[in-house]
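Enquirer: Fit chain A to the supplied structure of chain R, relying on the hints for placement.
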Amino acid sequence: MSQTTSLVKSSIGQKLLMALTGLFLCTFLLEHLIGNLLLFINDGGVIYDAYGEFLSGNIVIRTVEIGLFLGFLAHIAYGTTLWLRNKRKRPTPYEQNNPSANSTLASRIAFVSGSIVFIFLVIHLKTFFTPLRFDATHPSAYRLVTDAFQSPWYVGFYLFALFLLGYHLRHGFQSAFQTLGWLQSRYKKLIMFFGFIFWFIIPLGYAIIPIYFLWSHMTGGY
Amino acid sequence: MSSSMKITLKVWRQAEKNARGRLMTYSVPDVSPDMSFLEMLDMVNNTLVRKGEDAIAFDHDCREGICGTCSLYINGRAHGPLKGVATCQLHMRSFSDGDTIVVEPWRASPFPVIKDLVVDRSSFDRIMQAGGYVSVRTGGVPDANAIPIPKAVADEAFDAAACIGCGACVAACKNSSAMLFVSAKVSQLALLPQGNAERRQRAERMVAQMDAEGFGSCSNTYACEAECPKEISVSNIARLNREFIRAKVL
Numbered sequence: 000m001s002q003t004t005s006l007v008k009s010s011i012g013q014k015l016l017m018a019l020t021g022l023f024l025c026t027f028l029l030e031h032l033i034g035n036l037l038l039f040i041n042d043g044g045v046i047y048d049a050y051g052e053f054l055s056g057n058i059v060i061r062t063v064e065i066g067l068f069l070g071f072l073a074h075i076a077y078g079t080t081l082w083l084r085n086k087r088k089r090p091t092p093y094e095q096n097n098p099s100a101n102s103t104l105a106s107r108i109a110f111v112s113g114s115i116v117f118i119f120l121v122i123h124l125k126t127f128f129t130p131l132r133f134d135a136t137h138p139s140a141y142r143l144v145t146d147a148f149q150s151p152w153y154v155g156f157y158l159f160a161l162f163l164l165g166y167h168l169r170h171g172f173q174s175a176f177q178t179l180g181w182l183q184s185r186y187k188k189l190i191m192f193f194g195f196i197f198w199f200i201i202p203l204g205y206a207i208i209p210i211y212f213l214w215s216h217m218t219g220g221y
Numbered sequence: 000m001s002s003s004m005k006i007t008l009k010v011w012r013q014a015e016k017n018a019r020g021r022l023m024t025y026s027v028p029d030v031s032p033d034m035s036f037l038e039m040l041d042m043v044n045n046t047l048v049r050k051g052e053d054a055i056a057f058d059h060d061c062r063e064g065i066c067g068t069c070s071l072y073i074n075g076r077a078h079g080p081l082k083g084v085a086t087c088q089l090h091m092r093s094f095s096d097g098d099t100i101v102v103e104p105w106r107a108s109p110f111p112v113i114k115d116l117v118v119d120r121s122s123f124d125r126i127m128q129a130g131g132y133v134s135v136r137t138g139g140v141p142d143a144n145a146i147p148i149p150k151a152v153a154d155e156a157f158d159a160a161a162c163i164g165c166g167a168c169v170a171a172c173k174n175s176s177a178m179l180f181v182s183a184k185v186s187q188l189a190l191l192p193q194g195n196a197e198r199r200q201r202a203e204r205m206v207a208q209m210d211a212e213g214f215g216s217c218s219n220t221y222a223c224e225a226e227c228p229k230e231i232s233v234s235n236i237a238r239l240n241r242e243f244i245r246a247k248v249l
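In the order they appear, the protein sequences are chains R and A. Take the first sequence: its position 124, counting from 1, is numbered 123 in numbering that gives the first Met the number 0, and each next residue is one higher. Take the second sequence: its position 113, counting from 1, is numbered 112 in numbering that gives the first Met the number 0, and each next residue is one higher.
If we strip away everything but chain A, and leave its shape as in the complex, we get:
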């Protein structure tokens, strides 16, 4: 049985999109090191609700690191201090008894705060609608080896497809650039035969939508790769640059 911890939480509270927000401090006793970070927030919310106060709003769904719904900027890092995990996979054992933890929403003008720690990430959906698909039905799963694809290429496509669209790349980037997200989506399709036919239009349209949504431009600090819970490589950004330049110039 693990001993319990006492944590001081500083959480961004904002009543609605246009309201002024501020950090509010909560003292949280009896935190188990085995709790996930989101379970700790659940516990805080239970207490708040019992007291008749408004619960802290935060996004979450699968709680196993595959849906990309959770977010949170924890102690100055997207998804907290660990590498290669989403906030839902972060446990309180990563913190120490007596710690103060600052929790903020993603900050980027294309991700406006809706309430507390919840931001509107529909700009990502609109980028996907602009070109993140294959236009024609490509049928069901083909027989094995019916379409030969080198293992290395399949692996690269799969690694890019691991992107869960959480937006940590934007949150961590000093320019609020969405290049890692867009490049992962462009790459997973461009690398495989089904997506290859529309690669030019896809790169052009998704980049145009990315710019229209107001994301910043990439200055290659690679903060996105370091903070991505799925460890998406910036080699995808190089590929997107190639795809886009080829579409425009050649």
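Isolated chain R (complex conformation):
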């Protein structure tokens, strides 16, 4: 009866890891959006390309990139493990269940929304990260963006994935602070305010980029 468990093996410790990696990934979302706002400078992509080259050539950025990769990996791997384990806790399902009476859809489908965001991430990396980092011809980052967002289907998928990212964060951001034990405190309003920025403002900011470039393409703006 007196046995204890290590932090890493405990259910709370694993949720803590989900919370910390999730919040770490949120800081990346903010940084990535601010960088991408350079796309809107009307100079044919000169500054944006210079920014892209700075990112791929900078040793600090390259180091942080490894941390970011590990952050994604941990969040996805632990999220999947916990989801699978939690599903096994109810081997006989209810014949009739009414979860919408007691919880939000966003909180119940975090794994599904996260999984689709993961698929988006793979496609996103293949479109932009892989050619920029590994292509010997050193393509223009600005050119990649404008080319990619000429397709309404591609833009549509982006918007769908960004909607789900927002939905994922609507639950995830405040949930991370609850896991840390800080949500139910005097800081609750502040956390919910920052949560709104992360689940609404930031995905909206990202969504403007493909819409803007598709619109420009269709109206012959560039």
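By construction, these hints were calculated from the structure, which means they are not laboratory data. Careful, some of the hints might be misleading.
Below, a list of computed lysine-lysine pairs in the DSS-like style, where the Cα atoms sit at most 27 Å apart [as the list claims (entries may be wrong)]:
(1) R:187 - A:16
(2) R:86 - R:8
(3) R:188 - A:16
(4) A:173 - R:8
(5) A:247 - A:16
(6) A:82 - R:188
(7) A:5 - R:187
Expert: Then chain A, alone, in the frame of chain R:
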């Protein structure tokens, strides 16, 4: 005098722990809207017994919402459709004439079905045995104001102590997590001086036992708080997280 209702009941029947169960349908005439849900089940059982059939097994004791013995997943909700009440406090006036009501036991692997609607909740007892106590005798009731405790703290401890350990939190949670129960027990003791000394070990041991019993992990859907008959707040879960992380890290 209220008019009587006709109800169709679909009840989970399972002969014993390892038997296969299924929903069985019973037509129940002459249900008074003033009956409690459990009295309605009593009436069904009387009929079954008179017919020589096996009565529906269900847990109940105080029938006034303070013991935590009754359970039942009614129409997809733990303790039925009302907020802040246990099944024993639910009355048939919450349903309409002609309704079909589906009644199931709590579903969670740490709560195996014993028979029909009765589940084994001794996993909760073992979590309590792991740390839900104060090890030394702390004497009788102290004189008023001998140990000054701010009113807000006393209220928080009392609200946590209202947990009756019925298991609705586990039943409602999509992960079958027992965090609301464990956090209420950890909170009621950690907030007051008598329980404060052992708060670290208590959080560590109760969480370890909770994990060992096979409950799922909390993903903060807050279904537990919404379905708890005593309306225990998820702020207790935040406190348990803090208590546990502090015990492990600091």
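Enquirer: Each hint needs a verdict: does it hold in this structure or not?
Expert: So, going through the hints one by one against the coordinates:
no. : hint         : in the structure
1   : R:187 - A:16 : 45 Å, violated
2   : R:86 - R:8   : 18 Å, holds
3   : R:188 - A:16 : 48 Å, violated
4   : A:173 - R:8  : 21 Å, holds
5   : A:247 - A:16 : 38 Å, violated
6   : A:82 - R:188 : 26 Å, holds
7   : A:5 - R:187  : 48 Å, violated
Checked against the numbered hints above, the structure violates hints 1, 3, 5, 7; every other hint is satisfied.
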